[in-house]
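Colleague: As a plain string of letters, each chain reads:
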Amino acid sequence: MSELLNTLMKDARVWQGHRHTKTTQAAEPTGYQALDNQLGGLGWPRGALSECLLDAPGIGELTLLMPLMQKLSQTGKTVFWLNPPHTPYAPALAREGINLDHVIMVHTEDKGDFLWTLENCLRSPVTGLVIAWPGKLAAREIRRLQLAAEAGSNVCVLFRDRHYAEQNSPAALRLDLEPDVQQGLKVNVVKRRGSWPGQRCSLAMAHRASLFHHETPRVVQGPWPAATR
Amino acid sequence: MLWLHLHFPHLLLDHIRRSGENVAALVIVEGSGQKVIQACPTARNLGVKIGMRLKTAISLVPELGIVRADPPQEARILEDQARWLYRYVANIVLVPTNGLLAEIGSLQRMYGGLPAVWRTIEEVLHERQLTAWIGIGHTPLAAGLVARNGLGECSSDTGRILQILGTMPLLAAEFDGRTCTRLQRLGLNTLGEVFNLPPAEMARRLSPETLAYIQKIQGARPDPQAPWQPPHYFRQQADFVQDIEQSQGLMFPLRRILTELEKDLCWRQQDTDCLLLVLQHRRGEPTRLRIRTSGPEHRAEAFLNLISLRFEQQPLQAPVASLRLTVKRFLGREVPGGQDLLGETQDLNEAWHTLISRLQARLGATALKQLAPNADHRPERAWRTSEVRRPSPATIAATDQLPRRPLWLLQGPQPLTETPKAWFTGPERISGGWWDGQRVQRDYYIAQLNSGQLAWVFRDMREGWFIHGWFG
Numbered sequence: 001m002s003e004l005l006n007t008l009m010k011d012a013r014v015w016q017g018h019r020h021t022k023t024t025q026a027a028e029p030t031g032y033q034a035l036d037n038q039l040g041g042l043g044w045p046r047g048a049l050s051e052c053l054l055d056a057p058g059i060g061e062l063t064l065l066m067p068l069m070q071k072l073s074q075t076g077k078t079v080f081w082l083n084p085p086h087t088p089y090a091p092a093l094a095r096e097g098i099n100l101d102h103v104i105m106v107h108t109e110d111k112g113d114f115l116w117t118l119e120n121c122l123r124s125p126v127t128g129l130v131i132a133w134p135g136k137l138a139a140r141e142i143r144r145l146q147l148a149a150e151a152g153s154n155v156c157v158l159f160r161d162r163h164y165a166e167q168n169s170p171a172a173l174r175l176d177l178e179p180d181v182q183q184g185l186k187v188n189v190v191k192r193r194g195s196w197p198g199q200r201c202s203l204a205m206a207h208r209a210s211l212f213h214h215e216t217p218r219v220v221q222g223p224w225p226a227a228t229r
Numbered sequence: 001m002l003w004l005h006l007h008f009p010h011l012l013l014d015h016i017r018r019s020g021e022n023v024a025a026l027v028i029v030e031g032s033g034q035k036v037i038q039a040c041p042t043a044r045n046l047g048v049k050i051g052m053r054l055k056t057a058i059s060l061v062p063e064l065g066i067v068r069a070d071p072p073q074e075a076r077i078l079e080d081q082a083r084w085l086y087r088y089v090a091n092i093v094l095v096p097t098n099g100l101l102a103e104i105g106s107l108q109r110m111y112g113g114l115p116a117v118w119r120t121i122e123e124v125l126h127e128r129q130l131t132a133w134i135g136i137g138h139t140p141l142a143a144g145l146v147a148r149n150g151l152g153e154c155s156s157d158t159g160r161i162l163q164i165l166g167t168m169p170l171l172a173a174e175f176d177g178r179t180c181t182r183l184q185r186l187g188l189n190t191l192g193e194v195f196n197l198p199p200a201e202m203a204r205r206l207s208p209e210t211l212a213y214i215q216k217i218q219g220a221r222p223d224p225q226a227p228w229q230p231p232h233y234f235r236q237q238a239d240f241v242q243d244i245e246q247s248q249g250l251m252f253p254l255r256r257i258l259t260e261l262e263k264d265l266c267w268r269q270q271d272t273d274c275l276l277l278v279l280q281h282r283r284g285e286p287t288r289l290r291i292r293t294s295g296p297e298h299r300a301e302a303f304l305n306l307i308s309l310r311f312e313q314q315p316l317q318a319p320v321a322s323l324r325l326t327v328k329r330f331l332g333r334e335v336p337g338g339q340d341l342l343g344e345t346q347d348l349n350e351a352w353h354t355l356i357s358r359l360q361a362r363l364g365a366t367a368l369k370q371l372a373p374n375a376d377h378r379p380e381r382a383w384r385t386s387e388v389r390r391p392s393p394a395t396i397a398a399t400d401q402l403p404r405r406p407l408w409l410l411q412g413p414q415p416l417t418e419t420p421k422a423w424f425t426g427p428e429r430i431s432g433g434w435w436d437g438q439r440v441q442r443d444y445y446i447a448q449l450n451s452g453q454l455a456w457v458f459r460d461m462r463e464g465w466f467i468h469g470w471f472g
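Order-wise, the sequence lines are chains L and D.
Heads up: the first sequence runs through residues 1 to 229, numbered per my numbering.
Heads up: the second sequence runs through residues 1 to 472, numbered per my numbering.
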C-alpha cells in the first residue's frame, strides 16, 4: 500500500500544495533553457498531454517546438502533424534541420477520426512527437487522450485557442503563448504537474525570421508610394 | 478398431451457458415450444424436469430463461465440437444430433495407452465446460449405445464391452418400437439375450434390418463410417438468452471466441488479417462488421482491441441476439527475425507499418502525407507531398542553401487588410514561372502585424498586398 502511495507521490499525481519535491517525470527538454528552468528543469512531459494556448499563428509557436522536432526526427522517431491549420512549409522545415522523412501529415475529416488517430499515434512506440490542432474538445475527450498518452511515452502538444485557458483540462502541462516585444514569445505556465503554476518567461524568437533585435528594420524603400502602407 | 463416442446430453444448454450470461435457470424447449427437453442444474433444483410442459416449468420458476431448440443451430454447434476434437483425434464422424464418434484405436500408442486418451478428452471437456458422456466400443454402434446409456468404461476389451451391452435392457438398445415389442413378446429382455439368438433364426423371425443392426453392434458386419473433414475456415457463434444491448456485453463472449481463434491459428500455424463479425438482431438485417488488421495477426488481445475500437466508432444498432465470428482468410506465419541489415529491430519496423496501415485503413490512403522541398522559386511550388513510405536511415540532404522561409504557408495568399506595425527585411523579389504560364512576380517582406504575428507578405505586380505565410 505504501509502495502505491510512494509511486503516486513520485509521479506527481497527487498535488501536495506546499511541498516542492523533486519528481521523476519523464520529459524531453524544450531546447530553450529559460523555459526548461520554469518547468522544473524538465521540459515537455513525455507520456502526457501538453497544451499550448494561443490566439493566432505566427507568434513563434512552431519555433518553440523546433528543437525537439529536430532532435526526434534525426533520431528516427516519427513526428505526426495532425490537422495543421495551414501548410507546414517544407523548405523552412528542412532548413531547420528536420528530417522530413520522419514527418507525417495527417488530415482527418471528423472528430471521431481525429481522436482515434491521435490515440493510435500516441500509443505507438515509433512516435516521438504528435502535434495536433484539435479545435473544440470536451473534457472527457481530453481525458481520453491523456490516457492514451500515458500508454505511450511520447510528447503530445495540442494547439488550442486561448479562450480554452479558462476551461479546466487534464493535460499535464498548459502553456499560454502571447507575442512579446521584439518578436519574442511570452510563455505563461497555466498548469503543470507537481508544482504551482504561474511561472512566466519570455523567449527570444526573432531568429525564426533571421531578425536580430538590435538591428533596425532592413526594409529597402522602393519606388512605389510607401506612404499608403 | 476402437471407437470412442462422445454423447452430449445437453449441448445447446452448454453452448448457451458458455456465452457468459448469468441467467438463473435455463431450459431448452422443443421446436413447438411446448415441452422442456433440456434443463440446467439450477432449473432442475427448482423442480423443473425434462419432459415437463413449459407452462408448468414457468409456474415453478417465473424467471426461467427459455431457448427454443433449432436443428440447424444444433448441427452447427455439433460441428464446432468436432473442430476442437479434431486437434486430438484425426478420424471423426458426426452423429447427429448430439454425438461425435472418434476412432481411437490408432491413437493409443501416441497418447500412451487408452487411459491417457480418456483422460485427455475428459480434461478438454472440462476445460470447455461441456457435459459429455464417453463410451468406448469396438464398433461405432456399440460405442454409441454405451455412451448414450452412460455406461462408459475405460476398457478396450471386446468381451467386457459385449458384457456391458449384454446387460442393457431392450428399450435402451434403440430398436424401433415394433421390433422392440416383438422381441419382448419372444421373452427377451436384455440385449445380451438377443445376441445369443442364432443369426439365421433371427433373420427369419425378425427383419433382416434388425439382424444387420445387431451384427453391426457386435462387429460381425462391417459398418463403414464417412470421416468428417474440418472446413478450411474458423467459425464460432455465441447465442444469448437475453438480448445484449451494450457492446460491452459482447466483449466477454468475444474474448472467449478470440482465444479459441488464437488457439486455432496457433494450431494451424497461420495468421489472419480479416475477421467477419455478424451480429444477429431479433428484427431487421444483421450487422456485419469486417475487422481488418494491418498485417498478419493471431493474438486474441489485438483482435479484441480492434473490435472494441470498432464498437466505439459504431454503436450497436439494435439489441444483439447472437454473434458469429468467421475467419476465412489465412496467411502463412512469418518467423520474426532479429535486426535487419540496417540495424532496425523488427519490432519497431513492424510497429511503424502497423500504425501507418491502421491509419490509412481508417482515414483513407490520401489522408497521410509526407512533405519534401521542391526545386522551384515560386513559394507555392517549392514543396510537394508524397505518399508515406518507411524512411531509410539515409543521411539528410544538405539544406544550408535554402533561403529563410516561414514555417506556415497559407493555402493561398490572403489580402493584407491592415497596415503592419513594423517592417523588417525586404524586399526579396521572386520572379519566375514565365516558362509554364504560372507567372509570379512578387516582392516579399517580413512584417509584424498589430496582433504581434510575424507575417510573410508580398506585393505583386498589380500593387496588391497579400499575406503568404506566418513565421510560426
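By construction, these hints were calculated from the structure, which means they are not laboratory data.
One or more of the hints may lead you astray.
As the list claims (entries may be wrong) - Heads up, simulated EDC-like pairs for lysine to aspartate or glutamate below, C-alpha to C-alpha not over 16 Å straight-line:
no., chain 1, residue 1, chain 2, residue 2
1, D, 421, L, 166
2, L, 191, L, 96
3, L, 111, D, 312
4, L, 77, D, 350
5, D, 35, D, 70
6, L, 77, D, 347
7, L, 136, L, 150
8, D, 49, D, 70
9, D, 328, D, 262
10, L, 136, L, 55
11, D, 369, L, 180
12, D, 216, D, 174
13, L, 191, L, 166
14, D, 263, D, 301
15, D, 263, D, 350
Unchecked claim - Only some residues are given here: those of chain D computed to face chain L with a beta carbon under 7 Å:
no., residue
16, 304
17, 382
18, 391
19, 402
20, 452
Idealized CB from N, CA, C, for every residue including glycine.
Colleague: Look at each hint and say if it fits the structure.
Modeller: We went through each hint and held it up to the structure:
1. D:421 <-> L:166: violated (30 Å)
2. L:191 <-> L:96: Answer violated: residue 191 (chain L) to residue 96 (chain L) is near 29 Å, above 16 Å.
3. L:111 <-> D:312: Holds - the C-alpha atoms of residue 312 (chain D) and residue 111 (chain L) are around 13 Å apart, at most 16 Å.
4. L:77 <-> D:350: Between residue 77 (chain L) and residue 350 (chain D) the Cα gap is close to 14 Å, so the pair holds against 16 Å.
5. D:35 <-> D:70: holds (14 Å)
6. L:77 <-> D:347: holds (14 Å)
7. L:136 <-> L:150: Violated - the C-alpha atoms of residue 150 (chain L) and residue 136 (chain L) are around 22 Å apart, more than 16 Å.
8. D:49 <-> D:70: Violated, at roughly 20 Å.
9. D:328 <-> D:262: holds (14 Å)
10. L:136 <-> L:55: holds (14 Å)
11. D:369 <-> L:180: Violated - the C-alpha atoms of residue 180 (chain L) and residue 369 (chain D) are around 34 Å apart, more than 16 Å.
12. D:216 <-> D:174: holds (13 Å)
13. L:191 <-> L:166: holds (11 Å)
14. D:263 <-> D:301: holds (12 Å)
15. D:263 <-> D:350: Violated: residue 263 (chain D) and residue 350 (chain D) sit about 23 Å apart, past 16 Å.
16. 304: Since the shortest Cβ distance to chain L is 15 Å, the answer is violated.
17. 382: OK, holds: residue 382 (chain D) within 7 Å of chain L, min 5 Å.
18. 391: holds (3 Å)
19. 402: With a closest approach of 4 Å, the residue 402 (chain D) hint holds.
20. 452: holds (3 Å)
When each numbered hint is compared with the structure, violations occur for hints 1, 2, 7, 8, 11, 15 and 16.
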